[in-house]
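Engineer: Line order of the protein sequences matches chains A and B.
With our numbering applied, the first sequence corresponds to residues 1 to 186, in that order.
With our numbering applied, the second sequence corresponds to residues 1001 to 1369, in that order.
Hints are not guaranteed to be accurate.
Looking from chain A toward chain B, a few residues come up when the C-beta cut is under 8 Å (computed) [what the hints assert, rightly or not]:
| hint | residue |
| --- | --- |
| 1 | Ser18 |
| 2 | Asp63 |
| 3 | Arg65 |
| 4 | Asn123 |
| 5 | Arg134 |
| 6 | Phe152 |
| 7 | Pro154 |
| 8 | Leu156 |
| 9 | Arg169 |
| 10 | Ala172 |
| 11 | Leu177 |
| 12 | Glu179 |
| 13 | Leu182 |
DSBU-like mimics (lysine-lysine), calculated; alpha carbons at most 30 Å apart, straight line [unchecked claim]:
| hint | chain 1 | residue 1 | chain 2 | residue 2 |
| --- | --- | --- | --- | --- |
| 14 | A | Lys133 | B | Lys1183 |
| 15 | B | Lys1208 | A | Lys59 |
| 16 | B | Lys1133 | B | Lys1208 |
| 17 | B | Lys1103 | A | Lys133 |
Just so you know, these hints were derived from the structure itself, not from any lab.
Built from N, CA and C at the ideal position, the CB exists for glycine as well.
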Amino acid sequence: MNPPALQDSDARIERAHSSTRRKTLAMAGLIAGFVLWAHLGSGIPAFHSEVSSEPGWEKFRADYRVDHFGEDGQFVRAVQNGYNLIFYTHKYASRFTRKAASNRANSCAACHTAEDLAYGFVNSDRFDPKLGKRVSFEERVMRCYAGPMDGFIPTLYDPAVRDIRLLARAVAHHLQLSEGALRRRD
Amino acid sequence: MSMSTGKLTKIVLLVLGSVGLYLLATHQHGQREAIRQAAVALTPACVEKLGRYGLARSEHYQSPYALQRTGASIAVQGYGEDDVRAIQRGCNIIDDTQGSLAKDPGRERWNAPRFIRGTHVSCDHCHQGIGDKQDVAGNPLKGSLSLGASWVMADMYDRFTGLLSPFEFRQMQCYINSSNGYKPNIADDVIRDVTAYSRFLSAALELKIGNHYDEQGIDEIPASATPKQGDDYVRGEAIYKKKCANCHGPQAFGLETNGRLVAPALAGPNAWNMQSRNYFYYVSTILPGFICRNMPLGEENTLSNQECRDIAFYISNLPRPAGDRQGPLVALQQQILMTVLPPLMRLTKSAGGSEVTAERVLERDQSRP
């Protein structure tokens, strides 16, 4: 038979273990709850891979037959993000531009149409006499962020660059452009 | 006093170090620019290919290939001198990645072999016809890994990496896995020049952005495209000996003679690694597709689907380098197998059978009309 002091000690240890288990379970439940809420109930864009649908997207999608690449999918979502970046640059690339909603020219679309970008894409990777070197499409986009958009340069890998290229590629496909295609001046 | 002197010394050393690094970087940039500006000595195959496609400095470019085949050709944006040189260097890299035809491989191929382990790999081994394989009549061949067709379909979702894979990423994967080597920087000239060449090919062939062409990628062969006899190692070995060993060697370690590569390794230290899509256990449809559509050279499309799968299965059972995901134990195991197996196999085969040598292959090649 254990002396009373030892019995007290065992009971204390048991209570401590029980309390720890309850805390662990509560934390796990909290994390699981947060994950479920974030993915299913929050509606916050950062927590899910769908892209917010901005005004004009459905028309753009139909006009350029983006559904050729599937109704949904990684490529189409990237094109949609590209659309948001071009037409709502101040909102979707706020890290890379100082332009705000109140500015008049606050998006790529202020200077370029989607077709401009498609032609720019198929004519990229060419020598630019002004810069004295061969310039890729991505570098042009980066220069736009730093120059006309009065902001900062994203990395080459950033979706803020990549998704604009993908949008240009989707539009170039719709227009059935080949490499180096020249725009007809009708 | 001594403390402030120590601090001052550290600051001076730091400044001197920074200035030294800056000067070194400037020097390296200068060297790279000098290479970009230098005239390009083309390989004989590139002379033929680029000459046929009419690559020259001009305001507009019209494809002689399209003109000849369709009677019409669309004028597109032409190429400046820098663009032409980039395309020429890209062609050289694809045709002769190791620089064996170059006077100074370090300068003329951007030292591409530094991204490759082993001495066999050249892009042209998989992307045959310098990335633009055609039949005698000039028709692109199905499943021939055309670089031009690959460029127009770049950026699509890649089921193996889960990425929207740009053309440059695909090249990096080739260096890492198919060449069992190292990843170049995305902006490295070795990547950019190959992209320039691939884009020129798509212009010369008048391919449209986002369209799928038969010559793009591999014509994959799944088990469902066979009579489902099961992929058989023994059957694969027999077909390999009959159809492939003459060039690739009895143990598939490739053949070299007098320092010249006769046929690349399909196994062993010079071959692709276990993370490559060519590795049957990783992707079982790609290597059979490549074999059926591109091998044996000059006799393409003569093997049955089942034979291609059997050969691929057999080759993939031979030892080869481990990839990034296999870990050190598998790497060690493969290294031991690559070292121990060849002498053992020679020993067991020495009792009978004819040994294929590079000399015999060359004799055979020379006796061809």
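Engineer: At a threshold of 8 Å, is the proposed contact between A/Arg134 and chain B supported by beta-carbon distances?
Structural biologist: 6 Å, holds
Engineer: Does A/Phe152 pass the interface hint, meaning its C-beta sits closer than 8 Å to a C-beta of chain B?
Structural biologist: 18 Å, violated
Engineer: Quick one, is the A/Arg169 hint okay against chain B at 8 Å, beta carbons?
Structural biologist: 6 Å, holds
Engineer: Just to be careful: measuring from the Cβ of A/Pro154 to every Cβ in chain B, is the smallest value less than 8 Å?
Structural biologist: At about 14 Å, which exceeds the 8 Å cut-off, the nearest Cβ of chain B leaves the hint on A/Pro154 violated.
Engineer: With a cut-off of 8 Å, does the beta carbon of A/Ser18 approach a beta carbon of chain B closely enough for the hint to hold?
Structural biologist: 41 Å, violated
Engineer: Any CB of chain B closer than 8 Å to the CB of A/Leu156?
Structural biologist: It holds, given that the least Cβ distance between A/Leu156 and chain B is near 6 Å, below 8 Å.
Engineer: With a cut-off of 8 Å on the beta carbons, see whether A/Ala172 makes it to chain B.
Structural biologist: 4 Å, holds
Engineer: Given A/Leu177 as an interface hint, is its Cβ closer than 8 Å to any Cβ of chain B?
Structural biologist: Holds: closest Cβ of chain B sits about 5 Å from A/Leu177, inside 8 Å.
Engineer: Classify the hint on A/Arg65 as holds or violated, based on whether any CB of chain B lies nearer than 8 Å to its CB.
Structural biologist: 11 Å, violated
Engineer: For the hint on A/Leu182, just tell me whether its beta-carbon gets within less than 8 Å of chain B.
Structural biologist: A/Leu182 check passes; min Cβ-Cβ to chain B is 6 Å, inside 8 Å.
Engineer: Does B/Lys1208 pair with A/Lys59 here, judged by a C-alpha cut-off of 30 Å?
Structural biologist: Holds: B/Lys1208 and A/Lys59 sit about 24 Å apart, inside 30 Å.
Engineer: Holds or violated: is the Cβ of A/Asp63 closer than 8 Å to a Cβ in chain B?
Structural biologist: 16 Å, violated
When the structure is compared with the earlier hints, violations turn up for hints 1, 2, 3, 6 and 7 and for no others.
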